[in-house]
Amino acid sequence: GKMEEGKAYSQDGVLGHLEMLEAQARELALKQEEMEQQEEKLAGLKARVQELRAQRDELRAKVELQQKQLLEKGVVKDPAQPSAQTVLEWKIKSIKAMLQIFYLTGISGKLTKRGVCFCISTAYEGTYLGSYYLDILTKPEVRIQRHSVPIFIPLEQIAKKYLQTDIRRFLSVLSDHLNAYAGRRYQADQFEEHFSDRIEGTLQRNSLCNLLVFNYNVSSNRKTFLFNVKLLYGDLCCSLPTEATISCTPSAPASLAEMAAAHSEVFRHTALHKAFDSLSNAKETQD
Amino acid sequence: MDEVVAEYIRRTVLKIPRDEMLTVLQKWGFLSETQLQTINFRQTKESISQGVVQLCEENSADIKQAAVLDIIYNNIYPNKRVWSVYQMNKTEEETDFFDFTDFKKKFKRRLQSALKNVTINFREYEDNAIWIRIAWGTPYTKPNQYKTSYVVYHSQTPYVFISASVLKSNLPLLCQALVVASNYHDIREMELRSHCLNSLKDIVFKRYSQNFQTYYPRQEKNVATENVDLRIIQENKNEKERIQRVNREVFGDGPQPKLEFAQYKLETMFKSDPKMDVLEKKEPFRCLVKFSSPHLLESLKSLAPAGMADAPLSPLLTCIPQKARNYFKIRERKGFLPGSFVSP
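Line by line, the protein sequences give chains A and B.
Just so we're aligned: the first sequence equals residues 1 to 287 in full-length UniProt numbering.
Just so we're aligned: the second sequence equals residues 1 to 344 in full-length UniProt numbering.
Hints may be right or wrong, so weigh each one.
Here are the simulated lysine-lysine pairs, BS3-like style, with alpha carbons at most 30 Å apart [said to hold, decoys possible]:
no. : chain 1 : residue 1 : chain 2 : residue 2
1   : A       : K110      : B       : K301
2   : A       : K110      : B       : K323
3   : A       : K110      : B       : K105
4   : A       : K230      : B       : K27
5   : A       : K230      : B       : K106
6   : A       : K113      : B       : K237
7   : A       : K230      : B       : K64
8   : B       : K108      : A       : K230
9   : A       : K230      : B       : K105
10  : A       : K93       : A       : K62
11  : B       : K90       : A       : K230
12  : A       : K160      : B       : K323
13  : B       : K105      : B       : K64
14  : B       : K323      : A       : K113
Because the hints were derived from the structure by calculation, they are not lab data.
Take these sequences, add in the hints, and give me the full structure.
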């Protein structure tokens, strides 16, 4: 054996023999470590298998329970696996729901051959108003190919400012403009529909609905006076006026100035088609 | 009541189709319901108009009311005139608060300072359209109520629709007054003309149906369910479907704006076989191509499906609504310019 080999070289190779023994020991140690690692891994994997089996059993139990419940409701007969058809239908349904959500957030888009087509939807206090579209090309540079935005919305200005540098900001600013316009127009339309009898003459408006003028009667001390209202919407992204100027005939009593100021406040802070109701309330507290 | 006014009202009423007379007079609102009831609208038009004039006499109508009646007539029947589109420009980017009273004042002041003898009347409509009627005189004669121009302007837009009268010389004056009144800097005539005012508006206001690709909302297109006879096999089904698809992409789904013609002025070189030696001089071959139709864009849309043209049609034809023009000048392709040069 090895000891005899060692003896043969005892004079020159004791150290050499020791080295050899060391190396062997090291090898053995490494092998042992490896084996231990393997065993650990194996144990781990076995545990994982157990886990997964338990999960599978749980899910199986759930499915069986649901199927039992379905059977009790008399719906579907078996299948252990849903058919490709039903999976597809479910996928389509969930995508449609997702697209509807995107649409309801107000800005949605679809990739086209040469860029993107954006749809900006407008709404005011829960009522959905129109949608506007922009076909945007992305090569060679970002530009609007065509659109359905009304001509009086300052689209060119907004595009000049933001389209090249920050398209998200562009869409957001444009959406603000369109939503505010839709809101102002909605208020004016509703006001005309429901309060035509409360005003003298007609409501004067313009395309952007950012300047509205009308007249209405107020009574004070059993006399009626005519108020002329000029609503100026200075912020195109806002659907409330920035200025509400109420003027009266020069012969009106001074007390009317207070009423005018109060009414002006109402118009500044209340939506136009709700303003008259607030005015009646204000009036009641005055009398 | 002035004789001129009486005659003018009489002639205006005569223009109205008999069945519509009552409606138009009601819209006018100058004669009361009771007065209108005294007119027998089954008589001849001449008798009806005489009756109307008499009632106007009772109410002492003046030129203003007569002018309003004329505006109402032209607003209901705008397609009897040819309308041109003008575009205004401005450099300021301030928000414009369009005040109608202010507009009227400025317009009148500007026009009358240049030419005193004009009759100017305004009427505002629900769709924010402002109609202006101008009857022109000369520095030495009173306004001639039969020489009129009409302007239709939507506030806060750069477009003006003008139906000029014979007196083209007054156009610069009119344009100046418009620019001043609407707070713009300058104005130029676009290459867009038609009888159908609403279609012109549709084109420049982009109200016509453009086909935008979206996921939602998806208008489920009602596929025309033809009576499918299973014995008939469509050999060209693929091609037919391709044509429908291309057509829909180009023209959209809805009705097209109504134009009566498209005119192309060609200043291009005649390209022939060099051996034939035609037009040696190498000068542009001047030629005018005019397409006429009661409804040009609809007929272009139906060309490919009817098998009379290849789809897609030439972009020179299909770009009309998008470019907002139906008059084109086509010059020669110059080396590196892509496609023919269409002049602005």
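Hint-by-hint comparison with the structure:
no.: 1; hint: A:K110 with B:K301; in the structure: holds, 26 Å
no.: 2; hint: A:K110 with B:K323; in the structure: holds, 24 Å
no.: 3; hint: A:K110 with B:K105; in the structure: violated, 48 Å
no.: 4; hint: A:K230 with B:K27; in the structure: holds, 28 Å
no.: 5; hint: A:K230 with B:K106; in the structure: holds, 19 Å
no.: 6; hint: A:K113 with B:K237; in the structure: holds, 25 Å
no.: 7; hint: A:K230 with B:K64; in the structure: holds, 27 Å
no.: 8; hint: B:K108 with A:K230; in the structure: holds, 23 Å
no.: 9; hint: A:K230 with B:K105; in the structure: holds, 18 Å
no.: 10; hint: A:K93 with A:K62; in the structure: holds, 24 Å
no.: 11; hint: B:K90 with A:K230; in the structure: holds, 26 Å
no.: 12; hint: A:K160 with B:K323; in the structure: holds, 20 Å
no.: 13; hint: B:K105 with B:K64; in the structure: holds, 16 Å
no.: 14; hint: B:K323 with A:K113; in the structure: holds, 21 Å
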